[in-house]
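S.K.: Going line by line, the protein sequences match chains A and B. Per our numbering, the first sequence runs over residues 35 to 369. Per our numbering, the second sequence runs over residues 35 to 369.
Treat each hint with caution, since some may be false.
Intra- or inter-copy, both count: the list cannot distinguish identical chains.
Said to hold, decoys possible - In silico lysine-lysine, DSBU-like type, Cα no more than 30 Å apart, as pairs:
#1 Lys246 with Lys49
#2 Lys123 with Lys97
#3 Lys252 with Lys49
#4 Lys102 with Lys308
#5 Lys308 with Lys119
#6 Lys252 with Lys123
#7 Lys246 with Lys123
#8 Lys308 with Lys101
#9 Lys101 with Lys246
Calculated from the structure, these hints are not laboratory results.
This is what each chain is made of:
Number of protein chains: 2
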Amino acid sequence: MSDIQTYAQTNAPAKTGKIMLVGLGPGAVEHMTGRARAAIAEADTIIGYVTYVRLVADLIDGKEVIKKSMTEELDRAIEALDRAKQGKKVALISSGDAGVYGMAGPTFEVLFQAGWTPDSDIEVEIVPGASALNTCAALVGAPLTHDFCAISLSDLLTPWPTIARRLDAVAYSDFVVALYNPKSGRRTRQIQEAQRIFLRHRDPNTPVAIVKSAFRPKQRLEFTTLEKMAEADIGMLSTVLIGNSNTFIQGGLMVTPRGYANKYDVAEGERSTKGGEQAGRSLSTGLNGWLEAIRESGKSAAELAVEYRLPEDYIAAALAAGPEEDIAESAEAEA
Amino acid sequence: MSDIQTYAQTNAPAKTGKIMLVGLGPGAVEHMTGRARAAIAEADTIIGYVTYVRLVADLIDGKEVIKKSMTEELDRAIEALDRAKQGKKVALISSGDAGVYGMAGPTFEVLFQAGWTPDSDIEVEIVPGASALNTCAALVGAPLTHDFCAISLSDLLTPWPTIARRLDAVAYSDFVVALYNPKSGRRTRQIQEAQRIFLRHRDPNTPVAIVKSAFRPKQRLEFTTLEKMAEADIGMLSTVLIGNSNTFIQGGLMVTPRGYANKYDVAEGERSTKGGEQAGRSLSTGLNGWLEAIRESGKSAAELAVEYRLPEDYIAAALAAGPEEDIAESAEAEA
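Please work from the sequences and hints to get the whole structure.
M.R.: So, in structure tokens, the structure goes:
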């Protein structure tokens, strides 16, 4: 009787069901996290694409297993909600990270549609994992040491002009780019269009790596260039990594320098700071140094916009904000 | 004797030393992969930033441990090479993923400088982990379900105009953006400038999440908007996630819809395809549908460029490539 009263008095209902969105990483068991394995072990029901279910076969004995095909993300989320409402613990498993083009999005979309809130009786946990970006990068060298982005070439849910606009923007601004879903049996022209857009801004010799089935038995790496990218063997299970203007391939490895060469001269076992630069401080062409330089240049915002390939109104606004905004940090930098 | 001959006959020298670049994920032991733990156990020497060494204290008993401060990446790589040359197995440990703004870059830079090649007697292995992007996203909901990018606001090695150009490009083209190294004691204006650039293109109410020390004891989440972002509590250990134009915050969760609403009407437990759309196929506004629409519009490339916010020369080239390039896939799509 007192138990019943206590239950009734709490503001939140006791959690009964649970949905766990589990990222498996690349797929090889040794690259799963402890929490991912524990979440699968804890679950009553496992829902996932057939290939991923097979990867955790040793953990799912005696559990309900619902295998779904690739395109049924919403159905998987609906099934998960259905089981969780019955008080079950459900593991929705994805390769890579469940949050990156994975099941986390459709699951919350379905939950919100059904009127779910985080303080309802169904708990949701997301178990992070290494995404394709990270695992493919680990195999090819160190391509992602500088600013990067991920773009899916799938137009199943995204209008092409949105995708094209993103490709153009990041090609122009020199990101390292990972293309997800680059090609399928039906979608073969998207990669050609991506190449066409990139070639507007980038050197045809820009290094490109194509990684298929990373850390799985059929793993395959291919290095090529932007100019030859569209002719390469690219499929549903490939991730395409396009370097930035500093990325190079050496000894079968793709590496994007972090930028130490902007500040240091490095010889074997030794390094010295370049003239005008200080270890542990912003570059001389960092924000403060750049603001000072453009102020002192005597040039107009229009001239500076051309010189730095930045919008004229941004340069005008940064100049108008004046040096006072950075007094505090300048003082500290001189301490 | 025959053993020695066999050794001499192989083309590659036997590996003696080894450098393992190990990504720990967010830091909590349960989120490390099996391979990351095994690599640390296998190592003779552990090199890393003090905080990360502390996270694996239980695994490093009896090993040489070299703790380094945050700014000494090149020194850490030089030490690793030095030990590996002596035949030692060295684990260079990073939080997150060693490839994402991590130790993989500086290590290969130092190795190449020293004349190392992959077939030399020092083996290099990169052990992928979930990066800050993934772990922060897992805590706030599902912000990365659509195209995203990572930009570091640190100008210690990168000129500000490069960073500003990237911010402007991705703000314009509606990426979800993760800002790494958003602020430090010395660097306080960079986040203000990032906000200024984003507000040129994005709604001031765009959702922003700030995640500090994800999955660690001092973990802290804050939701705000683009307009108030620069006033939020942001530090060295924060990652800032800026949503795209569809991202919303509901029930304390930040979610970017994947785009199912473009194709389906979803009610609880049911879904139906919208008029003109087919399950498992490209959207009617996907590449082929869009090419057909612009061809049939009778509009000039200049007019279409304004309408779709794409470069005029790209539209002209896509039109000039003609429909023949996509005959194969159209035929298949109709099958």
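S.K.: Measure nothing new, just compare the shortest in-copy and cross-copy C-alpha distances for Lys308 and Lys101 to 30 Å and report within, between, both or neither.
M.R.: The answer is between: 26 Å across copies meets 30 Å, while 58 Å in one copy does not.
S.K.: Between Lys252 and Lys49, at a C-alpha cutoff of 30 Å, which is it: within one copy, between copies, both, or neither?
M.R.: between (42 Å within a copy, 25 Å between copies)
S.K.: For Lys246 vs Lys123, is the C-alpha pair at or below 30 Å within one copy, between two copies, both, or neither?
M.R.: Only across copies: Lys246 and Lys123 sit 29 Å apart there, 33 Å inside one copy, limit 30 Å.
S.K.: At most 30 Å between CA atoms: does that hold for Lys102 and Lys308 within a copy, between copies, both, or neither?
M.R.: Between copies, since 22 Å is at most 30 Å while 57 Å is not.
S.K.: How would you classify Lys101 and Lys246 at a CA-CA limit of 30 Å: within, between, both, or neither?
M.R.: within (23 Å within a copy, 36 Å between copies)
S.K.: Since the copies are identical, ignore which copy is meant and state whether Lys308 and Lys119 lie within 30 Å (CA to CA) inside a copy, between copies, both or neither.
M.R.: between (63 Å within a copy, 28 Å between copies)
S.K.: With 30 Å as the alpha-carbon cut-off, assign the pair Lys252 and Lys123 to within, between, both or neither.
M.R.: between (33 Å within a copy, 28 Å between copies)
S.K.: Given a CA cutoff of 30 Å, do Lys246 and Lys49 count as a within-copy pair, a between-copy pair, both, or neither?
M.R.: So Lys246 and Lys49 pass the 30 Å test across copies only (27 Å; inside, 41 Å).
S.K.: My question is about Lys123 and Lys97: at a cut-off of 30 Å on alpha-carbon distance, are they close within one copy, between copies, both, or neither?
M.R.: The answer is within: 11 Å in one copy meets 30 Å, while 41 Å across copies does not.
Of the numbered hints given earlier, the model fails none.
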